[in-house]
Structures are given as C-alpha cells and as structure tokens.
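So the protein lines, in turn, are chains X and S. Quick note, the first sequence lines up with residues 1 to 349 if you use the working numbering. Quick note, the second sequence lines up with residues 1 to 349 if you use the working numbering.
Among the hints, erroneous ones may be present.
Claimed, not checked - Quick look at which bits of chain S chain X covers, simulated, 3 or more residues with Cβ under 8 Å:
1) 133-146
2) 177-188
3) 207-216
4) 242-254
5) 262-271
For the record, the hints were derived by calculation from the structure and aren't laboratory data. Every residue gets a Cβ at the ideal spot worked out from N, C-alpha and C, and that includes glycine.
Number of protein chains: 2
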Amino acid sequence: MRIAVDAMGGDHAPQAIVEGVMLAKKDFPMIEFQLYGKESEIRKYVTDETNVKIIHTDEKIYSEDEPVKAIRKKKQASMVLAAQAVKEGRADAIFSAGNTGALLAAGLFIIGRIKGVDRPGLMSTLPVMTSDAGFDMLDLGANAENKPEHLVQYAILGSFYASHVRGIKNPRIGLLNNGTEETKGSELTKKTYELLKAESDLNFIGNVEARELLNGVADVVVTDGFTGNAVLKTIEGTALNLMAVLKDSILDAGLKGKLGALLLKDSLRGLKGKMDYAKYGGAVLFGLKAPVIKTHGATGPEAVAQTIRQIYTMLDSHMVEELVAQFEEKKKQEGAFSINEKLQKKVDK
Amino acid sequence: MRIAVDAMGGDHAPQAIVEGVMLAKKDFPMIEFQLYGKESEIRKYVTDETNVKIIHTDEKIYSEDEPVKAIRKKKQASMVLAAQAVKEGRADAIFSAGNTGALLAAGLFIIGRIKGVDRPGLMSTLPVMTSDAGFDMLDLGANAENKPEHLVQYAILGSFYASHVRGIKNPRIGLLNNGTEETKGSELTKKTYELLKAESDLNFIGNVEARELLNGVADVVVTDGFTGNAVLKTIEGTALNLMAVLKDSILDAGLKGKLGALLLKDSLRGLKGKMDYAKYGGAVLFGLKAPVIKTHGATGPEAVAQTIRQIYTMLDSHMVEELVAQFEEKKKQEGAFSINEKLQKKVDK
C-alpha cells in the first residue's frame with residue numbers, strides 16, 4: 001500500500017503534514033509514504049525513514065492559484081507529481097491539505113473518473129449530535145450544478161463508503177429536500193426521488209430535511225453541489241458563531257463567568273469535540289479511479305494521521321475496485337435494458 | 001389601519017393569538033383588529049373590545065390540510081375570510097400562525113401579486129451574532145425553483161423592507177453563492193449577478209457565502225427558494241442541536257454542571273436570545289398587494305404582539321404602495337428599453 005502525500009499543501013506544511021505521517025507510521029508500518037516537496041524542508045521532520053520516500057521538487061501550488069491553470073502550468077508542483085504517481089500506478093491514493101480546487105482538477109484531469117460516474121462529488125463525514133456515528137454527505141461543492149443521474153451515482157458512492165469505511169450495514173440513504181413528502185421539491189429532487197426509488201440495491205429512505213441532518217436522520221445524504229456547499233458552510237458558520245457568542249458572554253460575565261466556565265470546562269470542550277468532524281478524516285473527492293483526499297488547510301498532525309487511517313481503510317476494503325465493478329454492471333444492465341426497449345419498440349410496431 | 005387576524009391559526013389558537021392582540025392594543029390603540037374565528041372561543045380572551053371586531057366562523061384550516069385544496073374548498077375558513085377582507089379592501093394586512101402553505105396559497109390566489117413581481121418569496125429577518133441588526137433573507141421556500149429575474153425582484157423587495165421597516169439606509173444586498181468571486185456559482189447565480197450589477201438603484205455588494213450570514217455580511221441576502229429553505233433549516237437545526245448537546249452534557253456533569261450552569265445562566269440565556277428571531281416579527285410572504293405575515297405555529301402572545309408592531313411599521317411606511325409604484329416604473333423603463341431596442345434593430349437593418 002503506497003500513499004502519495006502532497007507534503008507542501010496546507011497552512012503548516014510541510015511540518016504538520018510530515019509530523020502527521022510520522023504519527024500514522026506507528027499504526028501503519030506497512031504503508032509506503034511518498035512525500036512530494038522540498039526535500040530539505042521535509043527531512044527536518046522525518047523521524048523514521050523506513051518506508052518513506054522523499055520525491056524532491058521546488059514547485060508548489062499556492063492557495064490563491066487559479067486551480068485548473070495551476071494544474072496545467074505547474075507540471076512539477078508537489079500536488080501534480082503526487083497525482084501523476086497515482087495515475088501511473090506508482091501510488092494507490094493521494095492526500096493533500098492544499099488548494100481544494102486544484103486537487104479537484106488534479107483528480108479529474110490526471111487521475112480520472114470511474115467509468116459511469118459522470119461528475120465526481122466532494123464528500124465528508126459530518127457529525128451527528130445524538131451519537132458518534134456521523135453521516136456522509138455529497139456533493140459538498142465539487143459541482144455548481146447537478147443532474148438527477150449524478151445524485152443517484154452519489155447515493156451509490158456514499159452507500160459504499162458508509163458500509164466499507166464506516167462499517168454501517170445497509171446504510172440509510174436520504175435525499176435532501178425542502179419537505180419529506182414524495183411530491184415535494186424542485187424538478188431535480190422530484191426526478192432524483194423517482195430514480196432512487198427504482199434502485200433496488202440501495203436502502204433509500206426518502207426525503208430528509210436540513211433541520212434533521214445533525215440528528216442522524218440518514219447515514220448518507222445526497223444533494224447537488226450548490227445546496228450541499230451552502231448547507232455545509234451554514235453548519236460551520238452557525239456553530240462557530242454560537243461558540244463565539246457564548247465565549248464572549250462568558251468573558252463579559254467577569255469572575256462569575258470564569259468560574260462557571262471552569263466548572264463547565266468538560267461540557268464546553270465536549271460540545272466543541274462533537275462539532276469537530278476532522279475525527280472522521282478528510283473530504284473525499286469521490287468517483288475517481290483512486291482515493292483522493294483533502295483536509296482543511298489548517299490541519300494539524302493528529303488530523304493528518306486520522307486521514308491516513310481513513311485512506312488505509314478505503315484501500316484495505318478495496319472499495320474503489322468494487323465500485324468500478326458495480327458501475328460497470330450498472331452500465332451493462334442499462335445497456336441490456338435499452339436493447340430490450342428497442343426490441344420492444346420494434347415488436348410494438 | 002385595519003389588520004385581519006386569523007385567530008384560529010397556530011398550536012395555541014385562539015388563546016395565544018387573541019392575547020397577543022390584546023398586548024399589541026396597548027401600543028397601537030388606533031389599529032382596528034378583525035378577529036376571524038369561533039366567536040365563543042375568541043371572546044374568552046378579549047379583555048378590551050374597543051376597535052376589535054369578531055367575525056364568527058366555524059370552519060378552519062388545519063396544519064395537515066393540503067394547502068391549495070384547503071383554500072379552494074374551505075371558503076368559510078378563518079384564514080380565507082381574513083384574506084378575502086384584504087382583497088376587498090376591508091382590511092389592510094393579514095396575519096396568521098396557521099398552515100404556511102395555505103397562507104401562501106391564500107396570498108397568491110386571493111390577495112394577488114404586485115404587478116412585476118413574478119414569484120412572491122418568503123422573507124424573514126434572521127439574527128446577526130455580532131449586532132442586534134439582523135439581516136433579511138428571501139426566498140426561504142415559497143418556491144422550489146427560481147429564475148434570475150425573481151432574485152432581482154427579491155433584492156428590490158428586501159431592500160425596501162430593510163430601509164422602510166428596519167430603518168437601514170442604503171441596505172447592502174448580497175447574493176448567496178458558493179464563493180465570493182464574480183465568476184463563481186451556478187447558471188442561476190451567475191446570471192443573477194449580472195442583472196444585480198446592472199441595477200443602479202440597489203446597493204449590490206456581490207456574492208456572499210453561507211458561512212458569513214450570521215456575521216452580518218449583508219443587510220439583505222437573496223437566494224432561490226430551495227437553497228434558502230435548506231439554509232434556514234440548517235441554521236435552526238444546528239443551533240437547536242448544539243443547545244441540546246450543551247444541555248445534556250451539563251446535566252451529565254452532575255452537581256458541578258448545575259453550579260456552572262447557574263453561574264452562566266445569563267450567558268446561556270443570552271445565547272438563546274441571540275438565536276431567537278421572533279423578536280424581529282414574523283415571516284413576510286413578500287410581493288403581494290398587501291402585507292401577508294406568518295409566524296411559527298408555536299407562537300406565543302409576545303411574538304404575536306411583536307408581529308403586529310412589524311405589520312404596523314409596514315403599513316405606516318406605505319412600503320407596499322411604494323413598491324407597486326417602483327415595479328410599475330421598472331416595467332415602463334424596460335418597456336421603453338425594449339421599444340428602443342426594436343427601433344435600433346430597424347435602424348440596423
């Protein structure tokens with residue numbers, strides 16, 4: 001098992017990235033880590049060289065670079081070289097905390113889509129307040145627009161992830177909608193509902209509303225990239241703002257506030273922990289020929305190690321290979337079905 | 001000034017509604033309140049009869065009724081009679097805490113749209129964490145789908161509301177999008193961006209992201225009804241879930257938790273108060289020939305009184321009349337423009 005690591009991506013790169021890899025190495029001595037980036041910088045943080053390869057390059061992609069242009073022009077950037085390694089079979093997965101758009105572009109244009117997945121989506125496991133389970137949601141914004149067929153593909157992808165990586169049997173798939181009734185929604189959600197209902201392999205539980213997401217109403221929630229992006233950012237913004245208001249009002253309460261906060265330290269920390277979804281690993285650009293994983297730019301070593309664990313599980317469960325087979329089978333069935341339809345039409349005449 | 005009140009709408013009707021009206025009467029003795037509903041029930045809570053008319057009816061619309069059907073079939077329902085009064089000029093505005101869909105239908109089919117507003121939208125003033133100002137957002141779900149022209153109409157409506165009712169000079173209009181750059185977004189948001197930029201009367205500040213909404217990034221935020229509905233429900237769901245987790249973990253902390261919570265009582269109450277947007281009044285179904293206002297089914301007397309204050313300000317500022325004039329002017333200009341365009345085309349030939 002070989003993971004290509006963009007050691008130069010993220011706000012605290014390469015230190016946080018390499019330190020995270022060193023942490024992960026303790027649990028996963030069998031993984032080969034390929035660290036792409038400035039060798040002299042990387043080497044400072046390598047405490048154990050076994051199974052570690054450093055591939056030196058001076059070039060890197062910055063967070064402010066225009067994604068597609070960066071991927072096309074900066075052929076020697078650490079992220080591009082790491083993606084090339086996956087493409088050419090020298091690595092099995094890629095991890096980066098760098099420019100999200102550039103990683104999406106690298107995934108699409110260098111590594112490539114699974115046949116049958118039209119528009120790979122961005123997926124994260126988000127926190128459920130009532131349990132430790134979490135739920136997977138996609139697309140969180142890889143696309144600004146989606147068709148019903150894409151959402152069905154997301155349901156298949158999400159279902160595989162929930163079962164293979166999170167160990168959930170027969171994951172419950174929900175469609176994000178503006179009401180729970182079957183007749184509710186936009187043209188997109190109404191058509192998607194019909195298609196999902198017809199997918200006998202999926203445990204489709206119907207429409208779910210945004211108010212119920214953090215209650216664990218479904219194990220996998222599918223939506224278009226525009227809505228998913230808005231919902232994810234709303235969760236983050238609401239949580240951050242509430243925590244900030246609480247903190248301010250505790251500080252304003254003076255000594256009483258300090259004492260109260262001290263007594264509630266564990267409770268307040270627990271609240272923060274509940275919302276922190278880095279514990280589930282990074283975001284997956286899902287539907288590509290290999291795992292492509294992105295973490296926040298501010299990611300620290302622990303979150304990097306957690307993400308390596310996630311990638312290990314994805315590779316170890318052979319999820320991508322199974323997905324390739326599944327989508328090929330689906331394609332065949334649809335092909336057979338459309339041949340049958342054509343025959344039927346001839347008969348009808 | 002005459003307000004038609006659906007006294008039978010809401011979980012605690014007619015008690016909470018009539019008590020709220022009685023509260024509001026103290027500040028607004030000049031308003032005539034028309035209370036539609038079961039007279040014997042309503043009369044129990046009327047403590048001051050001056051300027052109060054009770055219009056008796058036995059019929060009412062339930063929260064589980066199918067909206068359009070209910071409006072068409074239940075001709076004598078309290079909500080329908082109240083809407084009829086507005087249509088026929090016997091009242092100036094309508095207020096209900098009942099079935100939202102039915103009120104939308106009553107507004108559209110009985111009271112009718114302002115000429116030039118294609119798809120009235122649902123608008124609420126939502127809380128800003130860093131100040132007491134709040135921001136107006138629409139459409140929150142009156143429509144499942146919107147065109148760019150609708151969003152421009154929402155910007156005009158929202159701007160009028162922010163200036164006339166909330167007293168904000170030159171309100172900042174933001175377009176909800178999945179990134180702040182002009183080139184970001186779906187076909188809908190890209191086209192809307194262009195149109196909003198061309199509206200010289202609006203203070204359009206560009207795209208805003210969902211993460212920044214509660215920071216007060218704009219005074220008015222426009223979006224399509226599907227996204228708006230998802231964002232509103234996500235804010236509510238996230239806030240409710242966080243408060244519940246905090247409460248549970250305080251209870252789990254035993255005596256220490258109880259003591260800490262006691263010390264932080266004001267801070268925790270302040271947090272709840274920050275999120276409670278009933279203080280800004282009810283949701284406006286906006287773009288109709290008269291104010292149509294909806295509050296939560298669980299609304300209590302104080303929130304009803306607050307909503308009466310909001311309706312008073314809407315009526316007192318003659319906002320709807322000005323909007324009618326504004327949209328007529330807009331229509332004329334576009335008409336003149338299209339005549340010019342036609343002439344130009346003739347010249348070109």
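Verification of the hints:
1. Look at the region 133-146 of chain S against chain X: 3 of its residues bring a Cβ nearer than 8 Å to a Cβ of that chain, three or more, so the hint holds.
2. Interface restraint, the region 177-188 of chain S with chain X: holds (5 residues with C-beta to C-beta distance below 8 Å; minimum three).
3. As drawn, the region 207-216 of chain S meets chain X at 7 residues by the rule of a beta-carbon pair under 8 Å; at three or more, the given contact holds.
4. Look at the region 242-254 of chain S against chain X: 8 of its residues bring a Cβ nearer than 8 Å to a Cβ of that chain, three or more, so the hint holds.
5. Under a criterion of three residues with beta carbons nearer than 8 Å to beta carbons of chain X, the stated coverage of the region 262-271 of chain S is upheld, 8 such residues being counted.
This entry satisfies every hint, going by the numbered hints stated previously.
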